[in-house]
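Visitor: Please take these sequences and the hints and turn them into a complete structure.
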Amino acid sequence: VDLMPTAEQDEIAATVRAFLADRMPVAGLGRQPMTTEIDPGVWRECADLGWVGLGINEASGGVGYGLVEEMLLFRELGRGVAGGPFLPGVLAAHVAAGAGATDLARSIVAGDVRVALGTPIGPPLIGSTVTAEVSVAHLDGAELLVVCDGGAAAVVPLDACDVAPIDAVEGTVPTGRGAVRGVPAVAWVDAATSPVLDRALVLGAAMATGLAAAVLAVTVTHAGNRVQFGKPIGVNQAIKHWCADMAVHAEGAFAQVCYAAVAVRDALPGAGLEAAIAKYFADEAARLNSEGAVQIHGALGYTSEAVPYRYVHRAHLLARCVASRASLLDLVVPR
Amino acid sequence: VDLTFTAEETAFRDEVREWLADHVPAETRPDGDGPDSLAFDKAWQRAQYDGGWAGISWPAEYGGRGLSTVQQLIWYEEYARANAPWIGACFVGINHGGPTLIARATDEQKAFHLPKILRGDAIWCQGFSEPEAGSDLANLRTRGVVDGDELVVTGQKIWTSFANMADYQELLLRTDPGSSRHKGLTWVICDMHSPGITVRPITTLDRGAEFCEAFYDEVRIPISNVVGDVGDGWSVAMSTLSLERGTGFMAEIIDTTQTIEDLIGLAREHVGPDGRRTVIADDEFARRLATLKAEITVLRSMAYRAIARNERTGQPGPEGSMLRLSYGNLVQRMARLAMEILGPDALVFVDRFRRDGWTGRWLRSFAAGLGGGTFEIQRTIIGERVLGLPRDRS
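Note that the protein sequences, when read in sequence, are chains R and S. For the first sequence, the numbering used here begins at 742 and goes up steadily by one. For the second sequence, the numbering used here begins at 7 and goes up steadily by one.
These aren't lab readings, by the way, just hints derived from the structure by calculation. We put the CB at the ideal spot given by N, CA and C, even for glycine. Fair warning: there could be bad hints in the mix.
Facing chain R, from chain S, some residues (calculated, C-beta under 10 Å) [as the list claims (entries may be wrong)]:
id, residue
1, Asp-8
2, Leu-9
3, Thr-12
4, Arg-23
5, Gln-115
6, Lys-116
7, Val-205
8, Arg-206
9, Ile-208
10, Leu-298
11, Arg-311
12, Ala-314
13, Ser-327
14, Ile-387
15, Ile-388
Guide: See the structure below:
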């Protein structure tokens, strides 16, 4: 039992963090419209670095690490509010690899085929054909759609689905809404073969965890630098104690996502519950910390020129991906 | 990152589970923090010692088992699962008095005190707070004057749980009369049976009788009882407080994972607000229970991480305040929710040591925001020592 990452795992995370800070620094975007979610060249670089296939076995074109390393990668993606369809790509690659569709897995891992993430609204039917009402994220350039629930996960062609773009709150991630009506899957697996939902919960939680830590760091820096009444505002308990609560949220979220990642990786009893709790808590941490960041930044935090709003928007989207807050809580205490 | 238990650890868990099943006292801890509860606490500690379960991660040369902190954690998990009694009067000695000695005391001090603590022969209390030194601990004034090979102590301590039954005390003194704040303090082992000590119990809002204040009138303590050096008491006290705020109350943290299951059980049995269905059938109650269970699961993970962090750094750090804050908050929220689940039954006082003692636990839960440093002090520690925010010392 050891809930701290190893030196090698820390090293993977540090490499990812440095790359993202260099290629996709977090910034306020003002009124600048988004044209693409991620620069195609950068997406290609990320795929070449093995990010989509980090946890996929080498026979299917991946790097061969496990869920813990994927979790640490996604924590960095969340920390950097990174664009790019990483979560659906990784999930679809696992569906394909689990279903024995090696060529499909390879093309997803290589970044050649892009995938959108479908979050079911109401109970879906997922198997060799898929029927579901879905909320969809990462539509930009996607050819496939991945959906999962507690029983199974499937990948379907996006052009066979009826999905229309929406004007999304999180404007940097092209998002849509629609339905999948009896579309045959190009690949699918049941949860016993590959627990894709649990993986999605852990990786979604990891992104929210990274976001919660990043927005805390931005806020602590601001509280230490911003001077009012002749002192940094961070000397005041009203600010310091809010930051302390944010630190507890970030620490709790990371501790739980570490626990859940290991539990799912090792198929420990109760792993699904741990993953659901990780997702619920990390989403809350991301929301609460980004709200705190806006308040502590004052009027600056209300602008789209400073960074806090980027975290508010992204946390809002993350909490609505994979599974709803209410459905997660109903898993925690069944009635 | 790893959650697997070794074969040795798994065998250890089986052994613990079997022993607890056979030895956990069938009777409830007696009410009232009097001689009966003291006798109960000591007998239970002695039974654990005789069974080989006291001081699992304490050094073997002083009566402990010399095993890992993971095995200590396994013990706490099984202890909570077995619904074994609260540690009671043995709390201070086992959870931070003894561990402070292990970290900072001389071999002679350890050899004398640690086995007594483990056997339940010696009860310890804490002597840090004073009427004018609560959250502002460094303002303490109780003085110790060096006189030959003794310290002569005069002053007053307060909020000293179990001082009325304690044999020894973690006593923090000002030994340099010209000093202020964190300098010139000394951490000394005080024999509570010494002449010149008067203890007055202070009753609490949950009918507890363990809370006390202690008065010292020229009490003579051998200098050989000083832990660390004369004048270095603040650093020893910080060792104690890091334990008190962090891994020292791991048993209590792990116990919350059982308490929430008990509370969910109560909600499945108790009639809810509509007077017909059970509480759990009510959406609002069900979601609030789920939220609490989720947060308690997270607290468990934070505790696992704190243990791993301590293993790497060798000592508890300021991060322990994150555990203390989360723990206190959850204990209070669980207790308040219990009061709502009970409806009119919440009017009945039931002592917290009884299985259905929710009202007693609710009243006790106010202490969870105060003990070992208030919530506000924990937040300041997190802000300044974990996050590095600037201090205001104007």
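Visitor: Hints first: check each against the structure and report whether it holds.
Guide: For each hint, the structure was consulted:
no., hint, in the structure
1, Asp-8, "holds (5 Å)"
2, Leu-9, "holds (4 Å)"
3, Thr-12, "holds (9 Å)"
4, Arg-23, "violated (16 Å)"
5, Gln-115, "violated (32 Å)"
6, Lys-116, "violated (28 Å)"
7, Val-205, "violated (35 Å)"
8, Arg-206, "violated (33 Å)"
9, Ile-208, "violated (28 Å)"
10, Leu-298, "holds (9 Å)"
11, Arg-311, "holds (4 Å)"
12, Ala-314, "holds (4 Å)"
13, Ser-327, "holds (8 Å)"
14, Ile-387, "holds (8 Å)"
15, Ile-388, "holds (4 Å)"
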